[in-house]
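This is what each chain is made of:
2 protein chains.
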Amino acid sequence: MSSLITELAEYQVKRKELISRDRSLRLDVLDQDNLSTLEIQADHLIRSIRATEAESVWSADYPSIPHPFPGMEFLTGRSIIVQTEIYKILCKMPKGALLHAHLDATVNASFLYDLGLQEPSMHVQVPKAINAQTLNAVLPKFKALPAELHNNEALSLTSPSYVPDSWLSLTQAREQFDSELGGPDGFDQWVLGCLTINPAEAYGTHNTVTKIWQKFVSTFRVADGLIQYTPIFTKYIREFIRSSIEDGILYVEPRVNFWIKTMVNADGVENVTHRELLMIFESILEETIVDLKARGREDEFVGAKIIYTTIRFLEPDELDWYFEDCIALKKEFPHLIAGFDLVGDENVLYPLSHYTEKLLNFRHMQKDAGVDIPFILHAGETLGDGSKADMNLYDAILLGTKRIGHGFSLVKHPELMNICKEKNIALEVCPISNEILRLTSSMPMHPLPILLNHGIPVALCSDDPSVFGNMGLSFDFFQVLVSSDVTGLIQLGAMAKDSIKHSMLESDQKAVALEKWHKQWQKFLEYVVSRA
Amino acid sequence: MSSLITELAEYQVKRKELISRDRSLRLDVLDQDNLSTLEIQADHLIRSIRATEAESVWSADYPSIPHPFPGMEFLTGRSIIVQTEIYKILCKMPKGALLHAHLDATVNASFLYDLGLQEPSMHVQVPKAINAQTLNAVLPKFKALPAELHNNEALSLTSPSYVPDSWLSLTQAREQFDSELGGPDGFDQWVLGCLTINPAEAYGTHNTVTKIWQKFVSTFRVADGLIQYTPIFTKYIREFIRSSIEDGILYVEPRVNFWIKTMVNADGVENVTHRELLMIFESILEETIVDLKARGREDEFVGAKIIYTTIRFLEPDELDWYFEDCIALKKEFPHLIAGFDLVGDENVLYPLSHYTEKLLNFRHMQKDAGVDIPFILHAGETLGDGSKADMNLYDAILLGTKRIGHGFSLVKHPELMNICKEKNIALEVCPISNEILRLTSSMPMHPLPILLNHGIPVALCSDDPSVFGNMGLSFDFFQVLVSSDVTGLIQLGAMAKDSIKHSMLESDQKAVALEKWHKQWQKFLEYVVSRA
Numbered sequence: 097m098s099s100l101i102t103e104l105a106e107y108q109v110k111r112k113e114l115i116s117r118d119r120s121l122r123l124d125v126l127d128q129d130n131l132s133t134l135e136i137q138a139d140h141l142i143r144s145i146r147a148t149e150a151e152s153v154w155s156a157d158y159p160s161i162p163h164p165f166p167g168m169e170f171l172t173g174r175s176i177i178v179q180t181e182i183y184k185i186l187c188k189m190p191k192g193a194l195l196h197a198h199l200d201a202t203v204n205a206s207f208l209y210d211l212g213l214q215e216p217s218m219h220v221q222v223p224k225a226i227n228a229q230t231l232n233a234v235l236p237k238f239k240a241l242p243a244e245l246h247n248n249e250a251l252s253l254t255s256p257s258y259v260p261d262s263w264l265s266l267t268q269a270r271e272q273f274d275s276e277l278g279g280p281d282g283f284d285q286w287v288l289g290c291l292t293i294n295p296a297e298a299y300g301t302h303n304t305v306t307k308i309w310q311k312f313v314s315t316f317r318v319a320d321g322l323i324q325y326t327p328i329f330t331k332y333i334r335e336f337i338r339s340s341i342e343d344g345i346l347y348v349e350p351r352v353n354f355w356i357k358t359m360v361n362a363d364g365v366e367n368v369t370h371r372e373l374l375m376i377f378e379s380i381l382e383e384t385i386v387d388l389k390a391r392g393r394e395d396e397f398v399g400a401k402i403i404y405t406t407i408r409f410l411e412p413d414e415l416d417w418y419f420e421d422c423i424a425l426k427k428e429f430p431h432l433i434a435g436f437d438l439v440g441d442e443n444v445l446y447p448l449s450h451y452t453e454k455l456l457n458f459r460h461m462q463k464d465a466g467v468d469i470p471f472i473l474h475a476g477e478t479l480g481d482g483s484k485a486d487m488n489l490y491d492a493i494l495l496g497t498k499r500i501g502h503g504f505s506l507v508k509h510p511e512l513m514n515i516c517k518e519k520n521i522a523l524e525v526c527p528i529s530n531e532i533l534r535l536t537s538s539m540p541m542h543p544l545p546i547l548l549n550h551g552i553p554v555a556l557c558s559d560d561p562s563v564f565g566n567m568g569l570s571f572d573f574f575q576v577l578v579s580s581d582v583t584g585l586i587q588l589g590a591m592a593k594d595s596i597k598h599s600m601l602e603s604d605q606k607a608v609a610l611e612k613w614h615k616q617w618q619k620f621l622e623y624v625v626s627r628a
Numbered sequence: 097m098s099s100l101i102t103e104l105a106e107y108q109v110k111r112k113e114l115i116s117r118d119r120s121l122r123l124d125v126l127d128q129d130n131l132s133t134l135e136i137q138a139d140h141l142i143r144s145i146r147a148t149e150a151e152s153v154w155s156a157d158y159p160s161i162p163h164p165f166p167g168m169e170f171l172t173g174r175s176i177i178v179q180t181e182i183y184k185i186l187c188k189m190p191k192g193a194l195l196h197a198h199l200d201a202t203v204n205a206s207f208l209y210d211l212g213l214q215e216p217s218m219h220v221q222v223p224k225a226i227n228a229q230t231l232n233a234v235l236p237k238f239k240a241l242p243a244e245l246h247n248n249e250a251l252s253l254t255s256p257s258y259v260p261d262s263w264l265s266l267t268q269a270r271e272q273f274d275s276e277l278g279g280p281d282g283f284d285q286w287v288l289g290c291l292t293i294n295p296a297e298a299y300g301t302h303n304t305v306t307k308i309w310q311k312f313v314s315t316f317r318v319a320d321g322l323i324q325y326t327p328i329f330t331k332y333i334r335e336f337i338r339s340s341i342e343d344g345i346l347y348v349e350p351r352v353n354f355w356i357k358t359m360v361n362a363d364g365v366e367n368v369t370h371r372e373l374l375m376i377f378e379s380i381l382e383e384t385i386v387d388l389k390a391r392g393r394e395d396e397f398v399g400a401k402i403i404y405t406t407i408r409f410l411e412p413d414e415l416d417w418y419f420e421d422c423i424a425l426k427k428e429f430p431h432l433i434a435g436f437d438l439v440g441d442e443n444v445l446y447p448l449s450h451y452t453e454k455l456l457n458f459r460h461m462q463k464d465a466g467v468d469i470p471f472i473l474h475a476g477e478t479l480g481d482g483s484k485a486d487m488n489l490y491d492a493i494l495l496g497t498k499r500i501g502h503g504f505s506l507v508k509h510p511e512l513m514n515i516c517k518e519k520n521i522a523l524e525v526c527p528i529s530n531e532i533l534r535l536t537s538s539m540p541m542h543p544l545p546i547l548l549n550h551g552i553p554v555a556l557c558s559d560d561p562s563v564f565g566n567m568g569l570s571f572d573f574f575q576v577l578v579s580s581d582v583t584g585l586i587q588l589g590a591m592a593k594d595s596i597k598h599s600m601l602e603s604d605q606k607a608v609a610l611e612k613w614h615k616q617w618q619k620f621l622e623y624v625v626s627r628a
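Read top to bottom, the protein sequences are chains A and B. Under this note's numbering, think of the first position of the first sequence as 97, with each following residue one higher. Under this note's numbering, think of the first position of the second sequence as 97, with each following residue one higher.
In case anyone wonders, no lab produced these hints; they're calculated from the structure. Given the structure is predicted, the values throughout are model-derived calculations rather than measurements. A hint or two may mislead.
Identical chains share a label here; the pair holds if one copy fits it or two copies do between them.
To be verified - List time: in silico DMTMM-like cross-link candidates among lysine to aspartate or glutamate, alpha-carbon distance up to 25 Å:
(1) K463 <-> E181
(2) K307 <-> D157
(3) K357 <-> D320
(4) K112 <-> E453
(5) K307 <-> E297
(6) K517 <-> E113
(7) K498 <-> E106
Could you build the full structure based on these sequences and the hints that come with them?
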């Protein structure tokens, strides 16, 4: 029996070593010799609250939520999440950089809609009259019109005699919305429903990747009519930056869709160029920096850059215009243009391989122009195994992408995983986006732990928070934290810190950002521990 | 421009090399130099039918199936699957060895129920009278009774005056079932519903791992009363072997639950020991071999071994009885006992670490007895990340498991993946089981492609086909094939062949089995190509 005791002791030693070897590539392990007592305390405290809430908040009965569990479907679980201590704490966590968000889906949908209601020039049309039958199938199109085209007198969108595609002022359309369809409140609900995805759609009627993408894409068509109007655009950018800072985000690197060549100006004329768009963007940034400094909050934000994007439905030759546009912008705003990407549903649009020649040539064009605009490409946002969307990963990496947008299917590719590790190519992982767009059924099924344990660099991102309701990064950090027993606050902190390293900030800017982040992190840890 | 053409050509070469390096650990790639023209032809043909059916069968509208797609939820998609050419072809494919199936869930539920109906000794009881309200909550308990306890005259299970837990003969219970609840047909439906999982349960009312496991476990409690009666058990084993051979399975290695210490004999007395159980098992095997030989079909089957299992709710000390029992059986039936395992829901029952000392001691007990009973342990059948079920993987491997039952969470463990590759520890992957038990929402989300591309040995298995409806291995091979663009017939064949290598057959038996498999494979390829 004494030999068994020895054997058991040896077994326990081997077990500890094995676990430790298995986890040795994780960020929280790599950092472990530099941890402060405060970090360790805070991590323990969060683990303990998480365990308590798993047994309390997540084990309670909710009349409208049949299967609550930590990391559950976000749209159904959101009302529970916001009640948790963990969520409230994470709202205060310094998140580092937001590296994957589509600008036209970053501001709360109600906020954007309210901006529209405040603009007398904002009009709306529908392709056919709305009634109880068509309500859920008809999408509004918004546009700011010049004064001479303003129309407060067209028939209500709900009048059987409404002339398809005729413009009516937004406020009038709202006022005159059929009372049987809820009147103005019904109108609000309808518009907001067209700007967002609801749980019945994500988990019921549109419960496949293909179907939910159709709804998803339609929300952009609706929102863009509101956003692409300079008076709104200006306020929109301001709100994006403000709400990001509010959530503890230090730096943002949004993807801006330049596919639309001109925006509508304050007079309702569609003539605002990309150059002017960047000037607005820059002015808001400057205003923000000045304002923060005035209020002694300069440690909370370091700025923003833009990833220039257009869409994968373009024919290769059509890219030339965008390449030239992008190069011209980069020359004039070298500090603002961070990179180039092609966006859209990878499962149905052209694969990167369709554009190889053009994209290689873009590098030559840049060289000739004396600029450097790195690729920061979407790839592998798919359930496919060897499908064109999955194959995009090979091309993104061969084209020298600096990071990978999503890379959801990367875990299927041992060699590409090695390359990402060796070359420090970070994946912009968007947990809630992936779940709502049906790549994963809930957070515990998400491949993130595979990436973290294999030492693949990862930055957590929100993707399209206006559509999904995951404003800021707190919700995404929350979902990651509660669906793992391994990941704790130390890992979240390490990812936040690393997101700054993976940003396209210049190295001196990075150093400044990291210093600011460390200050915020220290404050945050003190706050966490003070709750005990 | 000519430099761009050169650059593009170089890019294409690099791309090809990268893909090839990335896939170099796959079985179909490792085997590629030994492929016959016939194999290549057959693989192409299957890929072409798969592509056609993705656009036809899987893109059609079905009144009761809102979201059809290849690899969809099995219980909903089954009626589409059986219509496909791919499925019909795969039914004829030689599958090699079935290495993970729980014996008491291997025979079609209707077949088992019919066996019960044919036995006059078979009785049924319920804990309370059945009515429209209780129908879905009450489970039948079956038991064969000795003649003196036979009871055809107790009150109907649906009588309000039924005395709880009183036994009534099965046929009488069926005859007397309330006509308002469907009479005998309603009784049949109720019993079959208690033996199986239906789509409304898996994807609706029980749509979490925890909840569906409760339903899952209850099906065993119902089935065991029917199976644990030697006249039925004998026919049950015969049907298991017959239906496996019918599906192209050459060898089976079922897990037998020895937790129940005695079975009921033909006279209704509960005194049949594990030793007698094995004698029945062996006699059916011998009968099958003789019968196949007589019909010139001896190439279709080589035999069976049993993995001795008991359940993870036992206290460590309670294992001693089973260890001694297992060793005694191994001594008497060395050719039948293939290994030892502990089963049950890893997420809620004791982890392997709770039994470490006992399991280490079991090795000593074996040594003293001069036998070798390898561990073939369930581990990592979970969505957990660092949960006790996930941690079981460390213990299974440290305890020297020969294969891993499921290993669903292995992909989160880089070091354990390396060990499985180096030591050739195969994962018994059960795609349909994982999906119905809610570890994956549908097949495209399953981690199998990660395992295959990382070169982890895998054997496809059915787990509990009587509960899930995935009889044989054709359905599991189907789900794997249609949800990938990379995996083709060559990969399926290589997995089938490898399953024999990963079995616990002696090396000379393996050689015989492989030879038989190759003959069948050749015939199958000819059949596939002849369809073109």
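Hint check, failures only: Hint 1 alone not satisfied by this model.
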